[in-house]
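Novice: These protein sequences, in sequence, are chains L and X.
Just so we're aligned, residue 1 is where the first sequence starts under our numbering, counting upward by one.
Just so we're aligned, residue 1001 is where the second sequence starts under our numbering, counting upward by one.
Be aware that one or more of the hints could be misleading.
When the alpha-carbon atoms are kept at most 30 Å apart in a straight line, the in silico DSSO-like pairs for lysine-lysine are as follows [said to hold, decoys possible]:
#1 X:Lys1210 - X:Lys1248
#2 L:Lys389 - X:Lys1289
#3 L:Lys382 - X:Lys1289
#4 X:Lys1210 - X:Lys1136
#5 X:Lys1294 - L:Lys389
#6 L:Lys161 - L:Lys382
These aren't lab readings, by the way, just hints derived from the structure by calculation.
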Amino acid sequence: MSRRLLAWIGAAVVVVALVALAALPRLRPGNAATATSTAWGEPDLQGIWTSDGEIPLQRPARYANREFFTDEERAELDRQRAEAIGREADENRRSRGSEQDVGGAYNAAVFTTHKRMGRRTSMVVDPPDGRIPPLTPEAQKKRAAMREYQLALLQPTDLCKNKLPGCEGGSYGPVSPRRAEAPPFYVTVGAAGGGGAGGGAINRADGPEDRGLGERCMAAALPDFGGNTGFFLQIVQSPGRVSIFYDTGQGQGWQRIIPVTSSPHLPSNVRQWWGDSRGRWEGRTLVVDVTNFSPKSYFQGSQENLHLVERWTRVDANTVEYAVTIEDPTTWTKPWTVKQEYSKQSDQANRIYKEPRCHEGNYGMPALLSGARSQERAFAAKQGPDPAKECTAGCGGFALGFADTGEDSNPLAR
Amino acid sequence: MRHGLTGSVVTVAIVSAAVSAVISISVTRTAGQASRPARTVDGKPNFSGIWQALNEANWDLQAHDARPGMVTQQGVYPYDYARVPAAPVLALGAAAGVPGSIGVVQGDGQIPYTPEAAKIKQENGEHWIDRDPELKCYLPGIPRAMYMPYPFEIVQSTNKIQMAYEFTSTARTIHLDNVEPPPDDTYMGHSVAHWEGDTLVVDVTRFNGKNWFDRAGNFHSDALHLVERFTPISPDAIRYEVTIEDPKVFTRPWRIAMPLYRRLEPDAQLLEYRCIEFTEEFLYGNLRKQQLVKRWEGDTIIVDITRKVPPGDQLHDWYRR
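Make a model of the complete structure from these sequences and hints.
Specialist: Right, here's the structure in full:
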């Protein structure tokens, strides 16, 4: 009896082991199991990853309906860009001391991409033309309202007086009474125009909320494509959990944990800057559904109604493919999809700079606010110009330079 | 044949069930929650999950009485034990008090400060509201992040263990493999670990010395060296013990110890406590064009407490209802 029981248990152990083996996701031929599966049999996304190539978010018209550059085109674009960066520096030297010079020098050092062109002609892969779908009428209205407010604050500055591109859509005029109003939407990104509906920088520093999220050390957002400064992702997994540390945006990194679960999203009244992630495995792919974004979060004009479906796939030992479908029927007329490839970095070199210590060293914010207050005091004492006529955000240099758009160093934009 | 196959399948099913029952002895189940193996596939204690310290260590590592307020001032009597809540927390009543504690410092319960450091600790305590990095939402450092009143999550892999903290959405990576040291000193330390039997032993160095241990002003320098020991008490509790060494501040190494408890809610998850924005008024309020706090003297907040009691909410009104 006991021998028979032992035999049964032995047989059953074999069966359980076989079942466990069968349950392991199928490996791609040619990949060692250790390279792409965790010890517990889930697809292995672990390691430090980054996106190597410079790829524009949207496809330039001249490459319409072509998903990839040729190698020759990439080499030529790299050459043109290197020249453009040098030319930019020369032009700045010619106008030494101007706002554009100071802003441009900082931006050239910090925000100019030094990555080579990537393979793709755009990160947007759907729609097939590589362009973000049109904004809904509602989102266009929102964007126009924010732009109108931005221009009201810019109209008495030199930016509009000299008809510089940052004043596009506006004209030179007296200090607007709107300067005393609250902006129509929460101020989020630094770029003039806001890269979408609402949200852009405003030329005012009445308090910390007037400044962009970047200056407040809260710029990290989902989805994150690395921006012009690039980023590193560190992925660590345990059964049922995928942890991603985003080392992004000048010390503004953050820790994300994706529960792999079938449980529903958080109650809809619970809103978060980075939303609420729910993962599941579809074969070799981690599919993550993200909702519950905060109305203060911002991505290309989308705020609390943003819905992401991310797909993370280890396509080979050195590559993770990331695809995200971005949906918000209040912002875009249809969903769109971005695709990126991340390449594996050395685990041994502790390349990820994990400390998001922007806030701890944010001397910029108090300096900026106290600067604005001294200007006001000087003006009141008739010892300085009207601060309302000075441009501190959404103006010259910064807004027109590399920082916000990368356009000046991007031959694709010329 | 067909009968035979069916029979085999049934047998296997029964046996599998039996084996599953055997296996589940090493598995903890909680109503409504997925099973959690006590060990990982590589045979180590399984620390993956959401944890939280349930003690008063973040108030003061040492044993202490309950206090009437987070900030107190001398009352009408001149005795230290008769202090009363001070203005910054007065309006919060009993919600602003501090719970007592038996302390987490091991041995004689004393923290072996050098005489100079003891003076600094004393001053830190008196100027808590101005000096504690927690109030400014700065990265909390180790070991403090382990026992702040927020959950944290352990994602335990084979070569790396990620510890994610709800407070300010920060994290540290514990390296079980070879790794280069960080390029600069850090708030959260550089953690390298190995297993000693069932105990995870973590060696933490490369601190920048800007963190505190608690709200009582206990502090350290950039010479801080920690040896943390994580030992399972049960699948849902870890004994967390830290040996603290810092020759610039302490005359000898000393230890703290406490249990960490698993958050057993079936859908437990870390939420955001993105406190940078919560502290902007505190940090920059005096630099607003129109100040929300009406009395700033330089960068000092003068808090005038005016508590208008609405009709029907006067003292004792609730009792009469």
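Novice: Within a Cα-Cα threshold of 30 Å, do X:Lys1294 and L:Lys389 meet the stated pairing?
Specialist: At roughly 28 Å apart (the allowed maximum being 30 Å), L:Lys389 and X:Lys1294 satisfy the hint.
Novice: Check the hint pairing X:Lys1210 with X:Lys1136 against an upper bound of 30 Å on the C-alpha distance.
Specialist: Judged against 30 Å, a Cα distance of about 12 Å means the pair holds.
Novice: Assess, step by step, whether the Cα of X:Lys1210 is no farther than 30 Å from the Cα of X:Lys1248, and give holds or violated.
Specialist: 14 Å, holds
Novice: Within 30 Å, alpha carbon to alpha carbon, are L:Lys382 and X:Lys1289?
Specialist: 18 Å, holds
Novice: So if I understand the rule, the pair passes when the alpha-carbon distance is 30 Å or less; does L:Lys161 with L:Lys382 pass?
Specialist: 23 Å, holds
Novice: Does X:Lys1289 lie within 30 Å of L:Lys389 when you go C-alpha to C-alpha?
Specialist: 16 Å, holds
Every hint, counting from the list given before, is met by this structure.
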